[in-house]
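**Student:** If you want the building blocks of each chain, they are given just below.
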Amino acid sequence: MARMKFLCDAERCIECNGCVTACKNEHEVPWGVNRRRVVTLNDGEPGEKSISVACMHCTDAPCMAVCPTDVFYTTDDGIVLHDKDKCIGCGYCLYACPFGAPQYPQESSFGARGKMDKCTFCAGGPEEDNSEEELEKYGRNRIAEGKLPLCAEMCSTKALLAGDGDVVSDIYRERVLKRSGRPQTWGWDKAYGKS
Amino acid sequence: MSNVESNQQGRLVRRKKAMAWSFVLMLLAVLVLPMSGYIYQGMSATAQADGATWKNENPRSNFWRSVREGSEGYTANKDVSGVLINSAGQNWRLLRNGPVATLGAIGLFVSLAAIAFFYFKHGQVKIDNGRAGQTVERWTKNERILHWTVASLFIILGITGLSLLYGKAVLIPLLGAEGFAWYADLAKILHNYLGPVFFIAIVILLSAWFKHNIIDKVDIEWFRHKAGVLGKPPHEHASAGRMNAGEKIWFWIIASAGILVCLSGLVMDFPNLGWSHFTMQSANILHSTLALIWVAVAFGHIYIGTAGSEGSLEAMTTGQVDVEWAKQHHDLWYEEVKNSASSSTENK
Numbered sequence: 016m017a018r019m020k021f022l023c024d025a026e027r028c029i030e031c032n033g034c035v036t037a038c039k040n041e042h043e044v045p046w047g048v049n050r051r052r053v054v055t056l057n058d059g060e061p062g063e064k065s066i067s068v069a070c071m072h073c074t075d076a077p078c079m080a081v082c083p084t085d086v087f088y089t090t091d092d093g094i095v096l097h098d099k100d101k102c103i104g105c106g107y108c109l110y111a112c113p114f115g116a117p118q119y120p121q122e123s124s125f126g127a128r129g130k131m132d133k134c135t136f137c138a139g140g141p142e143e144d145n146s147e148e149e150l151e152k153y154g155r156n157r158i159a160e161g162k163l164p165l166c167a168e169m170c171s172t173k174a175l176l177a178g179d180g181d182v183v184s185d186i187y188r189e190r191v192l193k194r195s196g197r198p199q200t201w202g203w204d205k206a207y208g209k210s
Numbered sequence: 132m133s134n135v136e137s138n139q140q141g142r143l144v145r146r147k148k149a150m151a152w153s154f155v156l157m158l159l160a161v162l163v164l165p166m167s168g169y170i171y172q173g174m175s176a177t178a179q180a181d182g183a184t185w186k187n188e189n190p191r192s193n194f195w196r197s198v199r200e201g202s203e204g205y206t207a208n209k210d211v212s213g214v215l216i217n218s219a220g221q222n223w224r225l226l227r228n229g230p231v232a233t234l235g236a237i238g239l240f241v242s243l244a245a246i247a248f249f250y251f252k253h254g255q256v257k258i259d260n261g262r263a264g265q266t267v268e269r270w271t272k273n274e275r276i277l278h279w280t281v282a283s284l285f286i287i288l289g290i291t292g293l294s295l296l297y298g299k300a301v302l303i304p305l306l307g308a309e310g311f312a313w314y315a316d317l318a319k320i321l322h323n324y325l326g327p328v329f330f331i332a333i334v335i336l337l338s339a340w341f342k343h344n345i346i347d348k349v350d351i352e353w354f355r356h357k358a359g360v361l362g363k364p365p366h367e368h369a370s371a372g373r374m375n376a377g378e379k380i381w382f383w384i385i386a387s388a389g390i391l392v393c394l395s396g397l398v399m400d401f402p403n404l405g406w407s408h409f410t411m412q413s414a415n416i417l418h419s420t421l422a423l424i425w426v427a428v429a430f431g432h433i434y435i436g437t438a439g440s441e442g443s444l445e446a447m448t449t450g451q452v453d454v455e456w457a458k459q460h461h462d463l464w465y466e467e468v469k470n471s472a473s474s475s476t477e478n479k
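Residue numbers (the working numbering), protein chains in the order written: chain A, 16 to 210; chain B, 132 to 479.
Honestly, the hints are just simulated from the structure, not real lab data.
Treat the hints loosely; a few may be bogus.
What the hints assert, rightly or not - Sample of chain A residues with no beta-carbon within 12 Å of chain B, all distances over it, derived: (1) 16; (2) 37; (3) 56; (4) 63; (5) 143; (6) 149; (7) 152; (8) 157; (9) 160; (10) 182.
Said to hold, decoys possible - With a straight-line Cα cutoff of 25 Å, these simulated BS3-like cross-link-like pairs (lysine-lysine) come out: (11) 162(A) x 173(A); (12) 348(B) x 469(B); (13) 357(B) x 252(B); (14) 39(A) x 162(A); (15) 99(A) x 162(A); (16) 130(A) x 209(B); (17) 209(B) x 39(A); (18) 469(B) x 342(B); (19) 209(B) x 152(A).
Computed from a predicted model, the values in this text were never measured in an experiment.
The C-beta atom is built at its ideal place from N, Cα and C for all residues, glycine as well.
Construct the complete structure from the given sequences, taking the supplied hints into account.
**Tutor:** Written as structure tokens, this is what we have:
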């Protein structure tokens, strides 16, 4: 079975925000909810670097460990999904997440959080694959259609890689060898453990 | 013949010499080869000193280290964080799921076990001289309303709060994930909305009863006499005014830990005010730790006020206590009440 992972090549990301737009459009996420974001470090200085980040689908997911209602589950592909029907909007997953992935539509009074939304690796939720219900709550289920996440598929510089972790790291290793730089598998230690 | 003999002898000597030399060489090799690492390292050290440092130092290492430490970058979207990695989340997770949950459960259990132990060993603390039948007023109607408002809110907040911490381990196996999620949703709403109401009620209670709870010399004596109930009988009498030292400590626990629980709760109640992750995490740890202590101590308060001692509960239900109860538990207060009552009748 494949172990799905994201990898953003900081040497290639040009901060076009195409992945952010692709994600928002594909899943029609509500206003104010951003499953993916691009962060630029040392912005405007020589050697600035940009990184596209969303839920990394961690091996030992902190969100899952702290959730009071146990909404999270890991698919056979290693994708961390959640059941919105059971979410109570307590915000604990946001406190625990190292990548700032959980998002909350502010729909209740006094700024109380709504049901958490996050990147699904384009794999939907617990509802039946590609059902109307799944589409409404979690967006498209591209994985069930045999496709990979749209953010990575649409990345203009192929900086953002998504797919089987072994394939992703092979592609990345080949790049690093060719350009003779140092590898920077950003966030992998945190998400997938030291290997 | 002799020629052949000397030839053979010479060959033997040469063979021996060769063996001796190869032995020495092998010995040298054994001694020197393991040290070749030092030679190599020494060479590379000189190479580094030759000004080729850029090859051996990753100019990006500091950059990525600062990312791992949570430095903030720029992001075009104003709704999301510019922090790539927030490592504090892991500490929060370990603290909450580890010591807070574990020690909290142990603390609650120890509190209940101590109460059960005391009850089965000593039973209820009776009114020694039996009821007199005559009563004095201990709590006015307003005071009782205040107490029961705080008490019922405390019980609701306690149960809902404990459900959010321990529900996953205790209630999901009982109610099922869907059933618990439905209850937890309600519990969260109750907890979040009743919290501020409870805070207001607590502040009113603290300010109303502050004057009764100033610690004085009598309280130290009360402890010296082991509260009049602890230790081996026969018990010495422990004098107390309107509130005894135990009640005063309960008051000051609420005034300190209780207020911190309320304040940290308010922080978490308003996530829209832009608190940092760290503030929210700290508020949660402080809130749960102190609230667990509060609940553990409250078990003791509830026990003493109900099953623990005869004639105590009616003080908070009817407002009246038996004269004998007052003499036994709050003798100094009883004297005060008696004197003021007799002086007021004299004045009439």
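**Student:** Run the structure past the numbered hints and jot down the numbers of the failing ones, going up.
**Tutor:** As far as the earlier hints go, 3 and 4 are violated by this structure, in ascending order.
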